[in-house]
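Visitor: Please model the entire structure based on the sequences and the hints provided.
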Amino acid sequence: MLELRDVTVPGRERPRLRGLSLSLKPGECVALVGASGAGKSTLLAVANGLIQPTSGSVQWFGEQRLRRRMRSRIGTLWQDLRLIEGLSVQHNLNTGRLAAWSWWQVLLNLLQPLESRPCAEALAQVELDASLLPLPLSSLSGGQRQRVALARLLRQNAELLLADEPLAQLDPPLARRLLQLLLGLAMPPRGLLMSLHRSDWLEGFDRVVGLRHGELLFDCSPEALSAADLEQLYS
Amino acid sequence: MLLLAPVAPALASQVLRISAIPDQNPERLNRLYGLLAKELSDQLGVPVKYKPVVDYGAAVTGFRRGDLDLVWFGGLTGVQARLQTPGSKVIAQRDVDAKFRSVFIANQSAGLKPFSAQNDLQQLKGKRFAFGSESSTSGRLMPQYFLAQAGVTPKDFASGRPGFSGSHDATLALVQSGAYQAGALNGQVWDSRLKEGKVDTNKVVLLWRTPPYADYHWIAQGNLDQRFGAGFTGKLQQSLLNLSPSQPRQKTILELFAAGRFIPAKDADYANIEAVGRSLGKIR
Amino acid sequence: MSPAGQLLLPALVLLPLLALLPGAWHGGGFDLIGQFLLAAVQPSTDPALIVASLRGIAVTVAVALWSWLFSLLLGVIGGVLSAEVVSRTLWGCSWPALLLRRLLAIPRSLHELLWGLILLQLLGLHPAVAVLAIALPYGALFARVVAEQLDGLPRRNLEALQLAGAPAPAALLMALSPPLWPQLLSYGGYRLECALRSATLLGVFGLGGIGADLRLALQSLQFHEVWTSLWLLAAVMLALELALARLRQRWQEPNRELLVGFAALLLLLLPSSQWLELRWQVLFSPWQWPEVLPLWDPNGWLQDWPQLIGSTLLLTALAALLAVALLPLLLLLLGPGRWPRLLLSACGLLARLLPPPLTALLLLFVLQPGLLPAVLALGIHNAGILGRLGLEGLDALPPQPAQALRLAGSSPRQVLLVAGFNGIGRSYLSFGAYRADVILRESVVVGLVGAGGLGVVLLESLSSFAWGEVLPVLVVYAVLTLVGEQLADLYRRRLLSGPLPREGCSPLANS
Chain A
0 MLELRDVTVP GRERPRLRGL SLSLKPGECV ALVGASGAGK STLLAVANGL
50 IQPTSGSVQW FGEQRLRRRM RSRIGTLWQD LRLIEGLSVQ HNLNTGRLAA
100 WSWWQVLLNL LQPLESRPCA EALAQVELDA SLLPLPLSSL SGGQRQRVAL
150 ARLLRQNAEL LLADEPLAQL DPPLARRLLQ LLLGLAMPPR GLLMSLHRSD
200 WLEGFDRVVG LRHGELLFDC SPEALSAADL EQLYS
Chain B
0 MLLLAPVAPA LASQVLRISA IPDQNPERLN RLYGLLAKEL SDQLGVPVKY
50 KPVVDYGAAV TGFRRGDLDL VWFGGLTGVQ ARLQTPGSKV IAQRDVDAKF
100 RSVFIANQSA GLKPFSAQND LQQLKGKRFA FGSESSTSGR LMPQYFLAQA
150 GVTPKDFASG RPGFSGSHDA TLALVQSGAY QAGALNGQVW DSRLKEGKVD
200 TNKVVLLWRT PPYADYHWIA QGNLDQRFGA GFTGKLQQSL LNLSPSQPRQ
250 KTILELFAAG RFIPAKDADY ANIEAVGRSL GKIR
Chain C
0 MSPAGQLLLP ALVLLPLLAL LPGAWHGGGF DLIGQFLLAA VQPSTDPALI
50 VASLRGIAVT VAVALWSWLF SLLLGVIGGV LSAEVVSRTL WGCSWPALLL
100 RRLLAIPRSL HELLWGLILL QLLGLHPAVA VLAIALPYGA LFARVVAEQL
150 DGLPRRNLEA LQLAGAPAPA ALLMALSPPL WPQLLSYGGY RLECALRSAT
200 LLGVFGLGGI GADLRLALQS LQFHEVWTSL WLLAAVMLAL ELALARLRQR
250 WQEPNRELLV GFAALLLLLL PSSQWLELRW QVLFSPWQWP EVLPLWDPNG
300 WLQDWPQLIG STLLLTALAA LLAVALLPLL LLLLGPGRWP RLLLSACGLL
350 ARLLPPPLTA LLLLFVLQPG LLPAVLALGI HNAGILGRLG LEGLDALPPQ
400 PAQALRLAGS SPRQVLLVAG FNGIGRSYLS FGAYRADVIL RESVVVGLVG
450 AGGLGVVLLE SLSSFAWGEV LPVLVVYAVL TLVGEQLADL YRRRLLSGPL
500 PREGCSPLAN S
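Chains as they are written, first to last, in numbering that gives the first Met the number 0: chain A, 0 to 234; chain B, 0 to 283; chain C, 0 to 510.
Bear in mind the hints are in silico, worked out from the structure with no lab data behind them.
Glycine included, each C-beta is placed from N, C-alpha and C at the ideal position.
Fair warning: there could be bad hints in the mix.
[Stated by the list, open to error] Just the calculated beta-carbon pair ranges, DEER-fashion:
no. : chain 1 : residue 1 : chain 2 : residue 2 : range
1   : B       : Arg30     : C       : Gln41     : 14 to 24 Å
2   : B       : Gln225    : C       : Ala244    : 52 to 62 Å
3   : B       : Arg30     : C       : Leu36     : 40 to 50 Å
4   : A       : Asp218    : C       : Ala345    : 27 to 37 Å
5   : A       : Asp79     : C       : Tyr189    : 56 to 66 Å
6   : B       : Lys37     : C       : Trp230    : 50 to 60 Å
7   : C       : Ile49     : A       : Arg68     : 53 to 63 Å
8   : C       : Leu98     : B       : Lys37     : 49 to 59 Å
9   : B       : Gln225    : C       : Gln273    : 47 to 57 Å
10  : B       : Asp199    : C       : Leu36     : 11 to 21 Å
11  : A       : Asn156    : C       : Leu36     : 22 to 32 Å
Guide: Encoded structure:
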């Protein structure tokens, strides 16, 4: 569903990505590891179409051009969340549905947020209470916001799931549960590509991709990963 | 605070400040009164300055406050100004002003035909009707007076009130466009716009000309003799009356005034206007 | 309801307005509108006229600058004295501040135009009168903002300084002035734009400057001359807006350039006031009340108030809704691209350039007199003002949420609606509520189009010098304005708090 071939993205001092190839099949869960600045976020930005590589090719669902309709099949969990301040939680969750809705549903939703039940279910999945739905986003804590962003991804019902360090602000037990949730989502036709700041949470992933200085270091199963590989990653 | 220090008031009072109500386009007013200021200055030997005013009421207030020495007023504003300014007096009018007229006009689509009997003004009941400025004599006061004589009050017009276009030209334009179905304006303005070809007679029709009344006039402050020397007011009046078509500059001035000559006038000539003004509540 | 929903809901006002349109349309002066628009590309280039227009602009700008300076002065003094925190620190009690605050409501309650008309009657026709007419209500308004800002600042620093034994005035100055400055400067800059518009409007009503030229030229249908003045005014207004927008970005850290610019401005102002004959001394000459004109007239109080007030309020409400609705609606219809944006900016500039009475006159060429042209004239003018703030607000939004929506497959219009309108919604609407207040006071200026209401009565009584009738109308206007201000405040507070706010995380903090 995602195919990167020889992708290069130039940067200020050195390329942010250099000759990188990667593929993701439906049902696959791929973890992206590397030191900060290794190119994880850049790779995810290429994967969701934000950045166009200067050379190499990207294919989504077998196509080179990313049409608007196709974009709704790609869901991103951003590092900076990108929720909309000034809106209630439910409105924020519903922004995940925009591409699927007709224009009158969009307008109606502005007056009175639609689909309360699916919204409440999405919140329940990320272990938040439905009573949060009418609250303004600004009244939530950092961890709550992160989970709202995840719930929005759930609402979008995308196939290609991209996540940029989604668990950073959560306490470890909760982070583990939500990681399981994300991994559980990645059943065909869905696939998951996710960057991780911890290398001790790799179980459950099908493959681990290591990046260093914008280049591919390894691409193997977690079991095949050696301690030396990890050491090289952060050196 | 230094800024706020008066700029030599003694000097300022040596200038004769003339002004006029803004009943025509500013470019014409500037040209006309610029010329007149030069002419008066040459004849009287004192500096004369034209101070433009953009509002009828402002002209009255300026005169009352003594900021203006000699003002070309309309009938109503002249009486208002004179009543509020003790000592001031009427000194001259144009030959046309003794017998001034207003005209009632209508848009062709209003279905009104020209008439000669004043009572036919009743046809205007229920129409959208426009006056000129609130303070205009020929564009508001006298038309309203003649309407009242025919039994039409402002409440009889469409939506229960007339509109005020602000000027004679605007009344003409608004009636011609059809925004208002009928309106009243200065007869002289109507005639000259007709002559200039600015009236589309397919769209607008002259309904009725009012009987004559006294309108525009010059009013001077009462203290000019003290400030400029004994007999100054008389000299000022004389120089206005002296303007004659035989001299080029004076001819232009008279043409711009649309007058043959200026003739003497006195307060009593406007007693009628005052009475009408009082009856319609425009003079208290 | 989401902010974007509240932003779009006022657009419903278009339904009754569109329903009224066929009945009011006469189209007879369509050629005049055509001539007016054509004249835009061929303004009169008569040198004498250009000189006169330049002089008119100079007077208007001088009036705007002077009135702005005085209003800042009045505002800072009045605001500091009417802040509770100052009063309590200096005198140990808060009633002097509260009393002063009530007193300041009086000059604020009358539109600068009403002040202008009153002072015009009392002092005569001088640009200096316009300066005073603008400075009084603006000063009182500014004082209110200063006081509110002061009282809204955290007091920890002040308490710390006081506990350390600093004398009260020094503690106030040290603790409260640094956080106050940026906000005041930004708001003060905006007031200068308002002052320029007000100075133009006052000119339309006889107090000199470019507004006078505009009115006379438009009333005598000299469209080429109108455009000479309009283009000059547009250049000045645009330059001012751009300069202030630039400065606003830098005002966070006051710098030397700014001070130098300010000093240069003052130096220019000093000689210009002489050259332009602003004649300050009229403000100090004894104020004459015309003895023949009684101020008290029992009959003046007998008016059909319900009808007058009703039609004024209807006009205000419709115009305010229209003003709020136009920008979001047009943006949605035209789409968020660069060209539509440019087109909207240009239309907005023209809309706020032309004083409402002149817009009303133009509208009468194609519309019958009545409520509709009045609503349109006021609505369009204020939409021009609100629209610019809205577009600026959109530009200032963080781009990331919009980007996220776009990448998730939303169309450009959906992105605008959901990320854009929701982002600016609260501040735009709270500004709209404030504008409604202004529109109420401005309703006096469109009496000419026959919409009725208090404005008609006021202009008629003024032209009759019937002060006994003017006074009651002014009192009613003042009461309406004060009530309107309270309502707008309530609405704004509700708007800013949002549903079920939690303590300590007011969205005001990030707006």
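Visitor: Look at each hint and say if it fits the structure.
Guide: Against the structure, the hints:
Taking 14 to 24 Å as the suggested C-beta distance range, the pair B/Arg30 and C/Gln41 conforms, at roughly 22 Å. The hint said 52 to 62 Å for the Cβ distance between B/Gln225 and C/Ala244, and at roughly 56 Å that hint holds. The hinted range of 40 to 50 Å is not satisfied by B/Arg30 and C/Leu36, whose Cβ atoms lie roughly 28 Å apart. At about 55 Å, the beta-carbon gap between A/Asp218 and C/Ala345 misses the expected band of 27 to 37 Å.
For A/Asp79 paired with C/Tyr189, a C-beta distance near 31 Å fails the hint of 56 to 66 Å. Remark: the range hint 50 to 60 Å for B/Lys37 to C/Trp230 is contradicted by a beta-carbon distance near 31 Å. In this structure, C/Ile49 and A/Arg68 meet the distance hint of 53 to 63 Å, their C-beta atoms being roughly 57 Å apart. Restraint check, C/Leu98 to B/Lys37: a C-beta distance of roughly 58 Å satisfies the suggested window 49 to 59 Å.
Taking the beta carbon of each, B/Gln225 and C/Gln273 are about 28 Å apart, not inside 47 to 57 Å as hinted. A hinted range of 11 to 21 Å for the beta carbons of B/Asp199 and C/Leu36 is consistent with their spacing of about 19 Å. The beta-carbon spacing between A/Asn156 and C/Leu36, approximately 51 Å, falls outside the hinted interval of 22 to 32 Å.
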